[in-house]
Structure formats: C-alpha cells, structure tokens
Amino acid sequence: MVSDQDYSGFRILREGLTGNRGWRPAWRDPDPQHAYDFVIVGGGGHGLATAYYLASQFGEASVAVLEKGWIGGGNVGRNTTIIRSNYLLDGNQPFYEFSLKLWEGLEQDFNYNAMVSQRGVYNIYHSDAQRDAYRRRGNAMILHGADAELLDADQLRAECPFLNFENGRFPLLGALVQRRGGTVRHDAVAWGYARGADRRGVDIIQNCEVTGFRIQNGRCTGVETSRGFIAARKVGCAVAGSSSRVMQAAGLRLPIESHVLQAFVSEGLKPIIPGVVTYGAGHFYISQSDKGGLVFGGDIDMYNSYAQRGNLPVVEDVCEGGMTLMPMVGRARMVRMWGGIMDMSMDGSPIIDRTPIDGLYFNGGWCYGGFKATPASGWCFAHLLATDTPHETAIAYRMDRFRRGAMIDEKGSGAQPNLH
Amino acid sequence: MIIDHPLLGPRDSQEFVLLGDASLLDRPDWQAESADEAFYEYQYLRDNPAGTHRELWYHEMGDRSWLIVTRDTVSHAVLKVELASAVASGRRDR
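These protein sequence lines are chains A and B, in that order. Quick note on numbering: the working numbering labels position 25 of the first sequence as 9, and the sequence is numbered without any gaps. Quick note on numbering: the working numbering labels position 40 of the second sequence as 43, and the sequence is numbered without any gaps.
Next comes chain A alone, as it looks inside the complex (with noise of 0.2 Å):
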C-alpha cells in the first residue's frame, strides 16, 4: 500500500519545506467497537504483530487489539534487543530462522525504521566438550538453512581483542557466530507494528484491561473488559508475563511460572563492541546500542515474580561474568536496570496453539526468548487465527505436548521453569 502518510527520506524533506504540517499521529486512538472478528488481547509485540499480520497477509479488516496500559510497555520494550536463530532442536529452528527471515524485510514491509542491524552474535565456548556442542548447533542451524561459523581462538582474537584470552579456569577457546544475528530498535518494532496494523484498519484500544471471556457452551463469545463487552468470533491471548492470570478467567491452568528477568544498560561509549557477545561458561551477553549504552543481562531471579524488578544478587553475578569475559567494562557506570516478567514454561519452549475452549487462543511461553520470536510469533499466530490450522514452523508448539510427553526441551532442564 502506498499513501502520503508513506515515511521515506523524500517525505522528510517534503515535509521540512513544507513547514512540518503533514505530520500525522501514527495511529488512531479509537473508542472499541460493539463486536469483533478478531480480538488480540495484548498491545505487545507478539499482539501487535499478529494483528498487523491478520491484517496484511491474511486479509482480515475486523480487528482489534486490547491492551491494559500503553502499547510497547511491556517485555518488547525491556529486552535486550538480541535477534538470531541459533537454535539446535528440530521443532524450534524452523520457526526461529523463518522470524529472522521476516526480520531482514521487516522495515520495508511496515514501512518503518526498527533499525535492524545484523551485527553478528557470538557465542564463546571454552571447553572441547563445549566446541563440539557447538559444531553440531551450527550444523543443525545450516541444515536448516541458516547461517554458522565456527571460529578458532585467533580468530575470535581478531575480531573480538577486547576479550580477557588470559582466562586460565575458562579459556576462550573460539565462538559460534551467527553473522546474520544482531539487534533491532525494540520500541520501534512495537510502533512499527502498531502503526502497520493501524493503517490497515486494526483498532488498537489501550487503557483497556481484559477481566474476563464470556463463554458459552464451550465456546468463547467475546471478552468483558474495564470498557464493556466486546463481543469476537475469535479471541488470541499474548500476554507473555500475564499468561497464567488472563487465562485463568478461562478457567486454564497453564504449563508456565512467571519469573523475572533483569537488564542492564551502562553510560553511551565510543563503539567498542562489534556484535553481541555471549559468555559460555556463565550467563552473561552484551551488545552496545546505537546510542553508544553497552547493554547487557545474565539469568532470571530465579524465583516466582510478577514485580517488574529484580533483586541485588542476581545483579551481582552479571557484572561478575561482564568483568570475567572483558574486564574493561568495568570502569563504565551502569545507568539504569529493569526486570520484565517472563513466562517460563515448562520445556523452556512456546506456545502458540488453540484451548480446549472453542474460539479461544493462546501464544506465551516465550521464556526471556520472545523479542527475537516477534515477527514470526504474529505471522504464526495470525495463521492459526485466521486459518484455524498451525503454521508449518510451529507445527510442534502445541499446548498438549506436555501431557504427550513430546517436549522442545533444547537445554535438557526438565520440567524445571527457573533453569531454562
């Protein structure tokens, strides 16, 4: 589609000799409607998404999407902008390779600057035992059609100097690379999706919390919301921390606990860090902003949580594993840090399928893995609304594999939320 709304450099200047007054909000702040097609329950990326999808390739005009706060205030603006596809198991490669596909024509598609960057993601390993791991991962991610790269000692060196090399307990002994890996502007992608979907008629209502769905012999209705009932032929829930509340007004009990996960962002810098960067023998990754930040985070809290921050200790043992990885990071002042809610599931997996409740959808369980999985989580997502079949890259992120004893366990943690 193409308008005079179309954001390009010809319309910036346009619009600068023109005095500024072509400018128009991104999107519309519409009172909700008496009855849907479609409701989103969710104004996060992956809701979002899938509603700028229903719209765009599925041909869907009767949408909305409901959202509790504002638009992008939730996981999609709290993340460490990390995008790649460097999964090993054969239900997850597919659909995270296909989310980075969609990722390279993203800002053509919505017609918006996310600011893609594929700058490279390094994983470091620093055992043999570690590189094989490694080798095979890469080898499952060509398979798939992916990119991968096994680098050596010397050559990491080359393109990471900065690395602490004298680390007797935990060698740098090479990295994985993923050149097509890299970081996206996080609050753009919410916007971009937002303003796409807007644009095809999607009704993005926010300050508007769900509070419960009406159902009907098995089927779901509609949802009751603080603004009145909004009636649906179907509704999808992506509500990622929140997952357990929301669909406990269905009467559901999900395969998820909530935990929080902290981030961390330091003073702006000179460009030092070429890519992102991850460390093997602890967890700890950093990649450094446009803006010159280094950000930066490690494991979850480890215990249930719905407050989006975290405690002291969890802090501590990130900048620990920063200063073991590249101790140079160590005279610059972190700034700001912030938790987000995650909902972990059960095999450190998603979820992205129907409920036992007619008209009734679910998608969470991203773990703190969602911000890379946006664009293909809303294109999947939108397929099974509006097609009621799975897409063929989330064929296995059913909710019922659990009960099946078919989980995507890609770490081997067990049913274990606080390890993934």
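One should not assume that every hint holds.
[Stated by the list, open to error] Over the 10 Å line for every Cβ pair with chain A, so calculated as not near, a few chain B residues:
1. Pro13
2. Asp15
3. Leu28
4. Ala53
5. Trp69
6. Glu85
[Unchecked claim] Which residues of chain B face chain A? A few of them, derived with a C-beta cut under 7 Å, are:
7. Tyr43
8. Thr55
9. Ser92
Keep in mind that the hints were calculated from the coordinates and are not lab data. Given the structure is predicted, the values throughout are model-derived calculations rather than measurements. Cβ coordinates follow ideal geometry from the N, Cα and C atoms, glycine included.
Given chain A, put chain B in place with the hints provided.
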C-alpha cells in the same frame, strides 16, 4: 530478599535455591485410576499466582533444610517461613 529461617534466623536468599510451588509436596497416588492425568498436572501445571505463593526453598549453602516460604510474588515480601519437614510430619499426624 531475607528469609527468616526457623532454626538459623534471618538468612540472605542467595543461600537458597527455589524448587517451586509447595504443591510439589503432594505427590499423587501412582496406583490410582487417574494417576496418568494426576501426574501430568502435578509435574507440569501451575497456579502461578500474582500475590501470595507457597513455595519450596532449599538451603543449599546452609543447613540443607527444605523450607516452605510463603511469599508475595508482587512485592517480594516474605510472609511466613516453615520447615517443610515439620509441615509434612504435621500432616502425617493428622
């Protein structure tokens, strides 16, 4: 978070590891007709409440005792701490 251990007094939560919901103490009867379904629910499904939550903590860096900690998952306030063994034996006595 500070966990007020019934035997040792206030201890930093860093000394502990969390296993999960205290309902994990209630292992289903493996000989029951419905054992299949009961074990599926026991193993995989959780209430995951926002608010008061009873959970099992293990004092790994301390006296290796299992505790039942009642905690608010919204405020992180620790409301009550009991020895899991005392709770379990209390049940057996009933």
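Do the hints match the structure? See the list:
1. For Pro13(B), the shortest C-beta to C-beta distance to chain A comes to about 15 Å, beyond the 10 Å cut-off, and the non-interface label holds.
2. For Asp15(B), the non-interface assignment is contradicted: its Cβ lies about 8 Å from the closest Cβ of chain A, within the 10 Å cut-off.
3. For Leu28(B), the non-interface assignment is confirmed: its Cβ lies about 16 Å from the closest Cβ of chain A, beyond the 10 Å cut-off.
4. Not every CB of chain A lies more than 10 Å from the CB of Ala53(B), the least distance being 4 Å, so the non-interface label is violated.
5. Residue placement check: Trp69(B) keeps its beta carbon more than 10 Å from all beta carbons of chain A (closest about 15 Å).
6. With a minimum CB-CB distance of about 17 Å to chain A, Glu85(B) clears the 10 Å threshold, and the non-interface call stands.
7. Checking Tyr43(B) against chain A by beta carbon gives a least distance of about 5 Å; that is within 7 Å, so the hint holds.
8. Annotation: interface hint on Thr55(B) violated; nearest CB of chain A at approximately 11 Å, more than 7 Å.
9. The beta carbon of Ser92(B) is not positioned within 7 Å of any beta carbon in chain A (closest approach about 26 Å), and the interface hint is therefore violated.
Of the numbered hints given earlier, the model fails hints 2, 4, 8, 9; all others are met.
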